[in-house]
Amino acid sequence: ETGVTQTPRHLVMGMTNKKSLKCEQHLGHNAMYWYKQSAKKPLELMFVYNFKEQTENNSVPSRFSPECPNSSHLFLHLHTLQPEDSALYLCASSHPAGGSSSYEQYFGPGTRLTVT
Amino acid sequence: RKEVEQDPGPFNVPEGATVAFNCTYSNSASQSFFWYRQDCRKEPKLLMSVYSSGNEDGRFTAQLNRASQYISLLIRDSKLSDSATYLCVLTGGYNKLIFGAGTRLAVHP
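The listed protein sequences correspond, in order, to chains A and B.
Here the working numbering is used: position 3 in the first sequence is 3, and no number is missing along the way.
Throughout, the working numbering is defined as the position within the second sequence, counted from one, plus 1000.
In case anyone wonders, no lab produced these hints; they're calculated from the structure.
Don't be surprised by glycine CBs; every beta carbon is placed ideally from N, CA and C.
Be aware that a few hints might be false.
Listed next, the stretches of chain A that the computed footprint assigns to chain B, with coverage defined by at least 3 CB atoms under 8 Å from CB atoms of chain B [said to hold, decoys possible]:
| # | region |
| --- | --- |
| 1 | 20 to 31 |
| 2 | 36 to 47 |
| 3 | 71 to 80 |
Calculated lysine-lysine pairs in the DSS-like style (CA-CA distance at most 27 Å, straight line) [stated by the list, open to error]:
| # | chain 1 | residue 1 | chain 2 | residue 2 |
| --- | --- | --- | --- | --- |
| 4 | A | LYS41 | B | LYS1042 |
| 5 | A | LYS52 | B | LYS1002 |
| 6 | A | LYS19 | B | LYS1042 |
| 7 | B | LYS1079 | B | LYS1045 |
| 8 | A | LYS22 | B | LYS1096 |
| 9 | B | LYS1079 | B | LYS1042 |
| 10 | A | LYS19 | B | LYS1002 |
| 11 | A | LYS41 | B | LYS1045 |
| 12 | B | LYS1079 | A | LYS52 |
Some, not all, of what chain B presents toward chain A, calculated at C-beta under 10 Å [said to hold, decoys possible]:
| # | residue |
| --- | --- |
| 13 | PRO1044 |
| 14 | LEU1046 |
| 15 | TYR1051 |
| 16 | GLY1054 |
| 17 | ASP1057 |
| 18 | PHE1060 |
| 19 | VAL1089 |
| 20 | THR1091 |
| 21 | GLY1100 |
| 22 | GLY1102 |
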């Protein structure tokens, strides 16, 4: 499989549930990202990982917990979410900053999350 | 003030029309600029990078004006398949992209 994949594509969860989103990239990149996209709002950067190390946490509430076990995989663990967390969660990957193509980010199809 | 401002649209144009979008940004330190395209309920995809000298890719032309802090995208000979949301994107630091909320384009027969 090529590109950036995300599972599940759709998720409905209650506020007391715990679930995880998974992202996998097959592009040989070393930077991975989580974004949140709510209706009619810009993409909001949540987390950045470079070479498995977290380099950005954009003031994200602790009910979102990222995990990056290696450069190809990224998880977002969810617990005690709120209805306003319902959104499209997008994963992306790129080469790390510094190269000529470092900022071209490739996105996965996203997980559409509904919190009830 | 928003970091990236775009007219949300929608721009409704007939096939064959020429349409232009502008985007203004507030971070004068931004180094790189892009247009991404996002189809309905799909992920964003890079359309083109934007260079100070302006650049063209087929029917698409992008321009950057650093002094006025705006970028533009011109689409000539619009196709039905151009219908999408166009996102203005710029760099905001190490590995960080800042996205506008997008301009929606609807091309009709």
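Is the straight-line distance between the alpha-carbon of LYS19/A and that of LYS1002/B 27 Å or less? 33 Å, violated
Restraint check for LYS1079/B with LYS1045/B, where alpha carbons must lie at most 27 Å apart: Holds, at roughly 18 Å.
Does the closest beta carbon of chain A sit nearer than 10 Å to the beta carbon of PHE1060/B? 16 Å, violated
Can the restraint linking LYS19/A and LYS1042/B be considered satisfied, given a maximum Cα separation of 27 Å? 22 Å, holds
A closest beta-carbon separation below 10 Å is what the hint needs, so does ASP1057/B meet it against chain A? 14 Å, violated
Using Cβ atoms only, decide whether THR1091/B comes closer than 10 Å to chain A, and label the hint accordingly. 6 Å, holds
Checking one constraint from the list: CA of LYS41/A to CA of LYS1042/B, max 27 Å. Satisfied? 15 Å, holds
Is the interface hint for GLY1100/B satisfied, with its Cβ closer than 10 Å to some Cβ of chain A? With Cβ-Cβ at 6 Å, under 10 Å, it holds.
Interface hint compliance - LEU1046/B to chain A, C-beta minimum distance less than 10 Å: OK, holds: LEU1046/B within 10 Å of chain A, min 6 Å.
Could you check if GLY1102/B really has its C-beta closer than 10 Å to a C-beta on chain A? Because about 7 Å separates GLY1102/B from the closest Cβ in chain A, which is inside the 10 Å limit, the hint holds.
Please verify that hint: GLY1054/B, Cβ, nearest Cβ of chain A, below 10 Å or not. 19 Å, violated
Assertion that chain B covers the region 36 to 47 of chain A - criterion: three or more residues, beta-carbon distance below 8 Å: Holds, because 5 residues of the region 36 to 47 of chain A bring their Cβ atoms closer than 8 Å to Cβ atoms of chain B.
Checked against the numbered hints given earlier, this structure breaks hints 1, 3, 5, 10, 12, 15, 16, 17, 18; the rest are met.
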